[in-house]
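Student: Kindly generate the complete structure, drawing on both the sequences and the hints.
So the protein lines, in turn, are chains E, B, L and Y.
Numbers in the numbering used here are just positions in the first sequence, counted from 1, shifted up by 18.
Numbers in the numbering used here are just positions in the second sequence, counted from 1, shifted up by 4.
Numbers in the numbering used here are just positions in the third sequence, counted from 1, shifted up by 47.
Numbers in the numbering used here are just positions in the fourth sequence, counted from 1, shifted up by 37.
Derived from the structure by calculation, the hints contain no laboratory data.
With a Cα cut of at most 30 Å, we get these calculated BS3-like pairs of lysine-lysine: (1) Y:Lys370 - E:Lys273; (2) Y:Lys69 - Y:Lys171; (3) B:Lys302 - Y:Lys379; (4) B:Lys76 - B:Lys96; (5) Y:Lys145 - Y:Lys69; (6) Y:Lys152 - Y:Lys171; (7) Y:Lys145 - Y:Lys67; (8) Y:Lys67 - B:Lys240; (9) Y:Lys152 - Y:Lys177; (10) Y:Lys177 - B:Lys6; (11) Y:Lys370 - B:Lys139; (12) Y:Lys152 - Y:Lys69; (13) B:Lys268 - B:Lys58; (14) B:Lys6 - Y:Lys145; (15) Y:Lys176 - Y:Lys69; (16) Y:Lys176 - B:Lys6; (17) Y:Lys379 - B:Lys394; (18) B:Lys6 - Y:Lys69; (19) B:Lys6 - Y:Lys171; (20) B:Lys96 - B:Lys240; (21) B:Lys63 - B:Lys268; (22) B:Lys139 - Y:Lys379; (23) Y:Lys69 - B:Lys240; (24) Y:Lys305 - E:Lys273; (25) B:Lys6 - Y:Lys67; (26) B:Lys96 - B:Lys58; (27) B:Lys96 - B:Lys268.
Here are a few chain L residues that sit away from chain E, every Cβ distance over 10 Å (derived from the structure): (28) Ser50; (29) Val58; (30) Leu76; (31) Gly77; (32) Ser116; (33) Glu121; (34) Thr125; (35) Glu127; (36) Pro163; (37) Ala165; (38) Ile188; (39) Glu189.
Backbone N, C-alpha and C define an ideal beta-carbon position, used for all residues, glycine too.
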Amino acid sequence: MARADVDLVLPASAEEAVAAFGDGAAVTVVAGGTVVMPELVAGRLRPERAILLARAGLGGITREAGRVTIGATTPISALEDGDEPLATAARHVGDPEVRAQATVGGNLCTGASADAPRGDLQAALIALGATVRSAGRGGERSEPVEDFLSASAGRLVLDVSYEDGPRQTGYAAARRPHAHHYTILAVCTARTADAVRVAVTGAGPTAIRLRAVEAAVAGGAGPAEAARRALDDVEGSLRDDALASAWYRERVLPKLVEDALAAIDGAAGA
Amino acid sequence: MKAVGARLPRYDGVAHVTGRTQYVDDVRVPNMLWAKALRSPVHHAAITGLDTAKAEKIKGVHAIVTWQDVPKLVYGHLEALGIPADEPLLAKDDVRYKGQPIALVAAEDEETALEAVAAIDLDLEERPALFDIRKAADPDAPTIHQWGNWYPHFENEMDVRQIRKGDIDRAFDQADTIVKGVYRPAAIEHVPLEPQTALVVPEPSSRLTIYSCTQALYFSMGVVAAHLEVPLNRLKFVGGTVGGGFGGKVDTATETISALAALKSGRPVKWRWTREEEFLCSSTRAPWHMEIADAVTKDGWILGRKMLTLHDSGAYARFSPYGLTKHSFHHTGAYTIPNLHFDGYVVFTNRVPTTAMRGFGVTSVSFATELHVTRVAEVLGIDPFELRLKNANRIADTSPNGVSYTDPSTVPTILAIADAIGHELPADYRTMTRDSRAGELLPEHLVAQVGEVDH
Amino acid sequence: MPSLTVNGVAVEVESAGLHTLLHVLREELGITSPKAGCQQGGCGACTVLVDGEPRRSCLIPVAAVDGASITTVEGLGTPERLSVVQAAFHERYGSQCGFCTPGFLLATYALLERSPRAGRAEIEEALAGHVCRCTGYVKIIEAVEAALRGEVAAGTEPTEAVTA
Amino acid sequence: MARHRGRGISAIEYPTGMNQNGDPSQAWIKIKPDGRVDVFSGTSDIGNGSKTIQSQIVAETLGVPYDWITYDNSNTDSSPVCTGTFASRATFVAGNAVLKAAADAKRKLLEIAAKELEIAPDDLEVVEGEVVAKGAPQKKIGVPDVAAAATWVHGELITGTGAQLKPYAAIVDPETGRVDAPPHSAISYAACAAEVEVDDETGEVTVERLWQCFDVGRAINPTLVEGQIQGGALMGLGLGVLEECYPYYPSADHRGGEFGSYLAPGIKGLPAVDTIVIENPSTDGPYGAKGISEMANNPQPPAIAAAVYDAIGVWVTELPITPERVLRALERKDDGPRREGKWVIFDDELSVNTVAHADSRFRFPLGV
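Tutor: Written out as structure tokens, the structure is:
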């Protein structure tokens, strides 16, 4: 449908946004627009109905009741000086202008394209043990990021939150610096009093929690030993894209996991 | 006041920094239509059906151009140089690369044009595709081009570009060591920030004004005139201000088809490629496959060179035979090598056609010969500066095809780099010049190649 | 129907709300300094200032910036009265083919406003999303540094940009 | 984790003008009644600066200020033939055409001035916008006054035309490639050094510094020459370590269709770029100039590859030198070249003799 004929809704509150989204059928959501707008211009996306979240009041970061809550339309740039490893992951997205435009909710809903990984915040949020609150079919629901990623289609992200508190974190990435950055592979780690959480972006269509690595760490394995388990976690999901092959990702993933674990290992031992 | 040698301000600098420089996409004319192309979705196929009837009925569609609308469908960019034509302006019987244009829709806006492109019925019978130039002459390779899988029309209808100089067998016999390597630079995109764009305006005088981003106004005008079978005074090319080209805008990629759409619709037509089309459908710098064996003495003289080059032309010839010939003329690089045996082939694949790009034909051979010379130095245990300085071309030395160098600067530029990075050289190297060879720099094997310098 | 203030002039937008700000500027308002370099958010040639902040106009649906103030290079200065940033790019040859220049100028203008003492790393970060294929990065950085240091040679009359 | 530094060099040459010539450029000039100069040339400026360079050549040749020049390359109705801006020909070939046109216009200018000053044209010269008598500088007339006199008194139009064409150099013997004339307008020369750092665990190659020295014949505008060399160096960086249209060549899979998936150099973390310009004037370029803009991206890739070898002891002979290629080369590091008699054979696995069918026409004549 031509853009002039699209039923365009600009909700003025979260409630209006949820109502407009309904069960999510045949609706295109535009938050920052960094992924959706090029698809519209290319004519690959021809929605009948579109919701523009610009004025829905879904942005902003709050810290209360022991939780950090990041609204869906919070720009990625707002995370750059915040909690790690989210801050480093945020700084590695695109460039400052794109980060000011792109949103946290959009990043959670974006999988890898055929030729490049995307969704760089996902691994950091998994490492932080974050929970996604979303609306859509069956009403509002909250779930861990890794669960949301396995079934994100048809959901409207409202916010993402994680426990506010001390933790040691690590971040290690393979990148190929060029004019418009995508990270090839990024490993995020976080250690709290309770547990160590490890996740990777770029090893599959969306980020993957490295549970075998976590289990090895819990079992007392050192970084090098635990890192070797990462390949079990990503078995079958590594793929080729324009930035790097599955072979290369397999080669460097254990090293990145080891580096990211070493960062929290040293911190914890201190 | 001296103008030459002065750091005068860029003539167009103020226009650039005030955003007033007018590129093709910035030209505004009334009643303009926008164009979008139907392109091949596969690498290689026979076209068994092409029906635009449904697309033509879409509201806002003014013209759809296919091969049937082109007066001279097949024209070669280098016909004037004796290089025959092989590429249709719009695909007719088959498509040979993914992204090959088949039809162009001109409509009121880009959205409508895209809708119409999607509504064109295209039937294809997919064929096996060829991608590895090294296997193009294998007995079981699919034949993908009417001339066979490699270009057969060099002088005397040869299928190979040859250079022969001196006595190659003697050089290889006399060598202490022969070093062989394989060098493969990749295809790259030109990526001009300004995508390929044309705007064609039918004038009341029945002339066509063609706003073009070509790097070569008259060359492109000649290409359009040939396809349209009109004299040059029917056309007015407007341009000369280009948002980056790097060789890719010698292709005349948009002007002719846009002109046909303007003629058919009677309206101004703009065709502006998307970035995705630039990356995936526009021509590229060619991938090359080069094998070099150098016959060398243990004290670092290069006596002879054998070289085999395969140039990946993509689906059609375009400028590739020219590029390979230029490549062959420079396959000794900055050195004087008296005995040569070069064979080069322009090989067709089901890739987007490759074309000129910054350093055309020579970027590849500079990579191969220079890395190879470094390797030779390493094998012989000789300083790579010294090996280069010794073999560097000098005044009156002759090129691969027998032309004397008049003003070579290989020696001074190498010495300047050694100086810049602080690389120590023995006195006899430090004092070398580009002057004609004599004494120790004129060993027996180089005597015969020194020529006359005609200023 | 969205309204905008473009280079100080109030305008009512007629294009549909899902059209990009770039489309509105170029095709509806005839302001051609922002370029359609990729329309994918990847090259920075379409960057404009939205309420003073550099943004990719190809990524923004115009309905999302209803009421915003937009500045393009046309609003920075004129040939007779170049702004500091424009004068610096001209005098330090920070422009080759010129197609990427408007985007670089606006990103640099915003950097100067935000961080008048920016160092090399901050300059590179601010311009990281802008592609100059020519590639004049060396002289672009020199131009930005010259602008930051206020080194604008005689012959031009620096002026402040119209950002109202 | 181990990072290794290395250095490598290269030396290259490149022709100016189309290979085998036959590529004309033409220009014409007219002088307005106030002495301002209109130059009509068909050369496209693609960012290389040909509008500037050709205007400088005209200003120099005519002896008038640069800002008196109006340069028009905008359309084929008013501008004559220029084969195009490629083959490093815009300064040399098209520059020679405008130089000849300016010399022709100057000749006519001096003829009119001679009438006004009653001094023979051969005894006059143009200095900073004034026609002065050689050896008697007090006898002079401004170029604007000469142009006005031509228009209003003598009924003349001061124009000049110029054309540059080096005839086609034919291959007279296709068996050997021998030509009947130099197949180029000039040849330019350059050398380069690269310094890299290589991470042997991730395979990443970081180019730290690039030095390049170019003999440009004569720098018409030294800043624009630097710009071409710097720009070329960074494009050479792309060729060396970043860019490829087919990441799995010869497969056509995973072609990048956007800036995120096609790796063009960006502004962050660039190598230092050192530029050394030397001027050995060419025999027949305008003011001795040669073309260097294309070759500016040729010397870096081999210098970078040599530097990688210097750093980690492996040859990566496929471009670009990706992290994957570095790691794969390191895996084969101990293999070394194949030695047969006096032959030292590298890269066997890439050769047509390995990959192609034994009956293929594409065979390398090893002779071993």
